[in-house]
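Could you put the whole structure together from the sequences, leaning on the hints where they help?
Those sequence lines, one after another, are chains A and B.
In terms of the numbering used here, the first sequence opens at residue 1 and continues consecutively.
In terms of the numbering used here, the second sequence opens at residue 1001 and continues consecutively.
Derived from the structure by calculation, the hints contain no laboratory data.
Among the clues, some could well be false.
[Stated by the list, open to error] Restricting the straight-line Cα-Cα distance to at most 30 Å, the calculated cross-link-like pairs of lysine-lysine (DSSO-like) are: (1) A:K6 <-> B:K1105; (2) B:K1041 <-> B:K1526; (3) A:K12 <-> B:K1272; (4) A:K28 <-> B:K1526; (5) A:K6 <-> B:K1072; (6) B:K1260 <-> B:K1272; (7) B:K1250 <-> A:K7; (8) B:K1487 <-> A:K28; (9) A:K6 <-> B:K1682; (10) B:K1682 <-> A:K28; (11) B:K1264 <-> A:K12; (12) A:K7 <-> B:K1526; (13) A:K7 <-> B:K1279; (14) A:K7 <-> B:K1006; (15) A:K12 <-> B:K1274; (16) A:K6 <-> B:K1250; (17) B:K1105 <-> A:K7; (18) B:K1230 <-> A:K12; (19) A:K28 <-> B:K1250; (20) A:K6 <-> B:K1487; (21) B:K1487 <-> B:K1250; (22) A:K7 <-> B:K1230; (23) B:K1230 <-> A:K6; (24) B:K1260 <-> A:K28; (25) A:K7 <-> B:K1682; (26) A:K28 <-> B:K1072; (27) B:K1383 <-> A:K7; (28) A:K6 <-> B:K1041; (29) B:K1487 <-> A:K12; (30) A:K28 <-> B:K1326; (31) B:K1419 <-> A:K7.
[Said to hold, decoys possible] For each label pair, taking beta carbons as the anchor points, the in silico distance ranges come out as: (32) B:A1488 <-> A:P38: 37 to 43 Å; (33) A:T43 <-> B:I1701: 52 to 58 Å; (34) A:T43 <-> B:E1089: 43 to 49 Å; (35) B:N1680 <-> A:T43: 43 to 49 Å; (36) A:T43 <-> B:L1280: 16 to 22 Å; (37) B:L1280 <-> A:P38: 45 to 51 Å; (38) A:T43 <-> B:H1451: 58 to 64 Å.
A virtual CB, placed ideally from N, CA and C, is assigned to each residue, including glycine.
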Amino acid sequence: MRGDFKKLSEIKLGESAVIESFTDDTMKLKLLEMGCLPGEIVTVTRFAPFGDPMAIAVADSMLSLRMSEAANVLVSIRS
Amino acid sequence: MIKRLKVSLVGNPNSGKSTLFNRLTGLNQKIANFPGVTVEKKTGSMTISSSDGSDYQIDITDLPGTYSLYPKTLEEQIPFQVLCDPTNESHPDVTVIIADGTNLKRSLFLCSQIVDLKSPAILVVNMMDQVTKSGVEINFIRLSKELGIPVIPMNARDGDGIDFLKNAIISNIPVPELDFIETALLAPEVVKAIRQSVKLNSNYVAFQIANNIDQISFFNDRQERRAQIKEILNRHGFDHSIMQATETLKRYEVISQLVKQVVKAKNAIPSKEKTFTRKLDNLLMHRFWGYFIFLAILFVIFQAVFAWAAWPMEMVDQAFTWMSIKVHDALPEGVFNDLLVEGILAGLGGVVIFIPQIVLLFTFIAILEDTGYMARVSFMMDKLLRRFGLNGRSVIPLISGVACAVPAILSARTIASWKERLITILVTPLMSCSARLPVYALLISLVIPDHKYLGIIGLQGLVLFALYLIGFIAAMGSALLMKFLVKARERSYFIMEIPVYRMPRWKNIGYTIVEKVRVFIFEAGKVIVAISVVLWVLSSSGPGDEFKQVKKQLETADVADTELQNHLAAEKLRLSYAGITGRAIEPIIEPLGFDWKIGIALITSFAAREVFVGTMSTIYSVGGNDEDIATVREKMMAEKNDKTGLPQYNLAVGWSLMLFYAFAMQCMSTMAVVRRETGNWKWPLIQFAFMGVLAYISSFIIYRILS
Chain A
1 MRGDFKKLSE
11 IKLGESAVIE
21 SFTDDTMKLK
31 LLEMGCLPGE
41 IVTVTRFAPF
51 GDPMAIAVAD
61 SMLSLRMSEA
71 ANVLVSIRS
Chain B
1001 MIKRLKVSLV
1011 GNPNSGKSTL
1021 FNRLTGLNQK
1031 IANFPGVTVE
1041 KKTGSMTISS
1051 SDGSDYQIDI
1061 TDLPGTYSLY
1071 PKTLEEQIPF
1081 QVLCDPTNES
1091 HPDVTVIIAD
1101 GTNLKRSLFL
1111 CSQIVDLKSP
1121 AILVVNMMDQ
1131 VTKSGVEINF
1141 IRLSKELGIP
1151 VIPMNARDGD
1161 GIDFLKNAII
1171 SNIPVPELDF
1181 IETALLAPEV
1191 VKAIRQSVKL
1201 NSNYVAFQIA
1211 NNIDQISFFN
1221 DRQERRAQIK
1231 EILNRHGFDH
1241 SIMQATETLK
1251 RYEVISQLVK
1261 QVVKAKNAIP
1271 SKEKTFTRKL
1281 DNLLMHRFWG
1291 YFIFLAILFV
1301 IFQAVFAWAA
1311 WPMEMVDQAF
1321 TWMSIKVHDA
1331 LPEGVFNDLL
1341 VEGILAGLGG
1351 VVIFIPQIVL
1361 LFTFIAILED
1371 TGYMARVSFM
1381 MDKLLRRFGL
1391 NGRSVIPLIS
1401 GVACAVPAIL
1411 SARTIASWKE
1421 RLITILVTPL
1431 MSCSARLPVY
1441 ALLISLVIPD
1451 HKYLGIIGLQ
1461 GLVLFALYLI
1471 GFIAAMGSAL
1481 LMKFLVKARE
1491 RSYFIMEIPV
1501 YRMPRWKNIG
1511 YTIVEKVRVF
1521 IFEAGKVIVA
1531 ISVVLWVLSS
1541 SGPGDEFKQV
1551 KKQLETADVA
1561 DTELQNHLAA
1571 EKLRLSYAGI
1581 TGRAIEPIIE
1591 PLGFDWKIGI
1601 ALITSFAARE
1611 VFVGTMSTIY
1621 SVGGNDEDIA
1631 TVREKMMAEK
1641 NDKTGLPQYN
1651 LAVGWSLMLF
1661 YAFAMQCMST
1671 MAVVRRETGN
1681 WKWPLIQFAF
1691 MGVLAYISSF
1701 IIYRILS
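What follows is the structure in structure tokens.
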């Protein structure tokens, strides 16, 4: 099913996806601590006016991250 | 008998930690830096009387906000060092963990780590008003039982629950018995080996040591121990990134179960705060209106620091002038009198004069920070400023720098990444501050003709605008350069929480302002007074009999004969140490078109750039009066170069001098503040050298081109 994974940075505004895994170890730890756990639903809520960084809603809070950072988060879109 | 207890406050950012801290300590608080790092350390104290009549003196340390004990940034290293290392000077008797009740899961993560450290702890669940409003119920008795520590519901904003917390702190709470997760199972051999090697409170401390062996201060004086433990880790192939991830997932697994048991969402209403936040963000983070509103806010801040601060500053100035006259008249004439009035009192005046600007700027910044707007500024500006090695939040210091670099540099504290904060501090003094304005005004009127283009656009105004622009370009260019030169102490992240909008807590804002002013006066202030005294000595005393004679003549001269007085004052300055230094550096500054008179002004105006005008007045025997600027200009215009016989202040010298003042670090107050904010003299000296070289080269080039 790996083929169905997308990068979080590729998710469009307003769309939701499920966190699957991370491709960068240090960032993985940081995101895990903040509650971005595999299985959690993320919704892309906003892009900064120049398209970067992005804001996501996840586990009761709103987080911001740069596109380069979001590219390290693999998500899947489940219907 | 008074018993003393040490308490640490720890919690996620935006969990209401500082509100609780202010509630507990009131104004009994101090800000310093943690030893060795420039991370703010807030400490405070309070007394609690127990029901049996004994009094407790509680020393509270407010630890920087963090999501976990694993340090990722400089700030996050502090909670880890303080809580895991029993030899740390701030290591607490009781740890108070503050959780955001509206985001209990994430707050419990940090809490569960602290429980496993096995030292007395209390959990405070804050923001209970919002929890209740959203129809959620929390079973605190169950939560307390499962965690094995006391749990106190609280609403720190209006003080609900504070008394329960105070009682809990002094109630001699036991060490938690339960393991939240069995850390020993994650790496059994390593944990066992470390515990055999060092005496520790719990398996989890051993596990943390294994993960952070290089960071923990614990072993700083025991390097052979550190090497020994590293050897253990290598032997067992300990991979800290896998271990941390496993631990984190395990904790969240247990937390999810726990939250299911203790939290009941009866008729969950979508929180009003979140709906309101989303609506407001649609406007404040809009791709057009968002910037427009931000620009408007910046404009108001700029107005405040530039214009509104002007009249209280004028009052401070007048008050000190009045005091100087009173003190001067009250005491007998002599060196002591002069030192007191012209050295110390002038120095104190130079410190107090900044207070109106600091108060105004920090009122705005504290409001923006407290409401949650500052996080949005970061978000919107990140892409633009990242390229220059700056942070979204650098905008505030840079814009404030146009008024004055001193409050601007103090405001750079809100930038979390050390590298981005440092670069902001280093380049902010290049922005054209208001103290440069009198210098520019004098020089422009001297060398730039008063042409008008299209009837309305004046050439002089254009030059002034160009000077501001040059300052801005130099700041951004230097930032870009430093982005490659300054080494990062940690990886820069932008992963941060965007909090919901909240009403500003006026008390917190009041405390912030009081603290900023206090820190400025007591830490930067003493350096400013000291340098002021040194400058006074340099310009008021001199070697040799000639100086003494002139001084005596000046003292006995007829007060009515202003011409003689002014002449003698100029002579006195020329013969003083400052004058001698000015003449001594003439060969160095000659390639820039400067003579020794300008040399003297360069030295004296280190006190503050606008002193240039006053010094020029003295040198050209005009007297120190501000109204005489027109006369100074005439005198300077008439000045001939000794060698060429042409006017000394031609276009080339004028531009050379203006660029010099645009770039050089001619401000002792700024240097004092940079020292305080970076922790030592290294960075202000580097900054001084960098700006000096930039000024010298630019002035040299422009002088060569124009002459």
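Hint check results:
1. A:K6 <-> B:K1105: holds (27 Å)
2. B:K1041 <-> B:K1526: holds (21 Å)
3. A:K12 <-> B:K1272: Distance ~26 Å between K12 (chain A) and K1272 (chain B) Cα, so the pair holds.
4. A:K28 <-> B:K1526: Roughly 46 Å separates the two Cα atoms, so the pair is violated.
5. A:K6 <-> B:K1072: holds (27 Å)
6. B:K1260 <-> B:K1272: holds (23 Å)
7. B:K1250 <-> A:K7: Within the cut-off at roughly 25 Å; holds.
8. B:K1487 <-> A:K28: holds (24 Å)
9. A:K6 <-> B:K1682: Roughly 47 Å separates the two Cα atoms, so the pair is violated.
10. B:K1682 <-> A:K28: violated (35 Å)
11. B:K1264 <-> A:K12: The hint is violated at about 33 Å.
12. A:K7 <-> B:K1526: Distance of about 54 Å is beyond 30 Å: violated.
13. A:K7 <-> B:K1279: Holds, at about 28 Å.
14. A:K7 <-> B:K1006: Measuring from Cα to Cα gives roughly 47 Å; hence the hint is violated.
15. A:K12 <-> B:K1274: Holds - the C-alpha atoms of K1274 (chain B) and K12 (chain A) are around 21 Å apart, at most 30 Å.
16. A:K6 <-> B:K1250: holds (26 Å)
17. B:K1105 <-> A:K7: holds (25 Å)
18. B:K1230 <-> A:K12: violated (46 Å)
19. A:K28 <-> B:K1250: With Cα atoms ~15 Å apart, K28 (chain A) and K1250 (chain B) stay inside 30 Å; holds.
20. A:K6 <-> B:K1487: violated (34 Å)
21. B:K1487 <-> B:K1250: The hint is violated at about 35 Å.
22. A:K7 <-> B:K1230: Not OK: K7 (chain A) and K1230 (chain B) at ~36 Å, beyond 30 Å, violated.
23. B:K1230 <-> A:K6: violated (39 Å)
24. B:K1260 <-> A:K28: Status holds; Cα separation ~25 Å.
25. A:K7 <-> B:K1682: violated (43 Å)
26. A:K28 <-> B:K1072: Given pair K28 (chain A), K1072 (chain B) holds - Cα atoms ~12 Å apart, limit 30 Å.
27. B:K1383 <-> A:K7: holds (20 Å)
28. A:K6 <-> B:K1041: Not satisfied, since the Cα-Cα distance of roughly 43 Å exceeds 30 Å.
29. B:K1487 <-> A:K12: violated (35 Å)
30. A:K28 <-> B:K1326: violated (66 Å)
31. B:K1419 <-> A:K7: Status holds; Cα separation ~29 Å.
32. B:A1488 <-> A:P38: 37 to 43 Å: violated (29 Å)
33. A:T43 <-> B:I1701: 52 to 58 Å: holds (55 Å)
34. A:T43 <-> B:E1089: 43 to 49 Å: Hint holds: Cβ distance 45 Å, inside 43 to 49 Å.
35. B:N1680 <-> A:T43: 43 to 49 Å: Holds, at about 46 Å.
36. A:T43 <-> B:L1280: 16 to 22 Å: holds (18 Å)
37. B:L1280 <-> A:P38: 45 to 51 Å: violated (32 Å)
38. A:T43 <-> B:H1451: 58 to 64 Å: This hint holds: roughly 60 Å between Cβ atoms.
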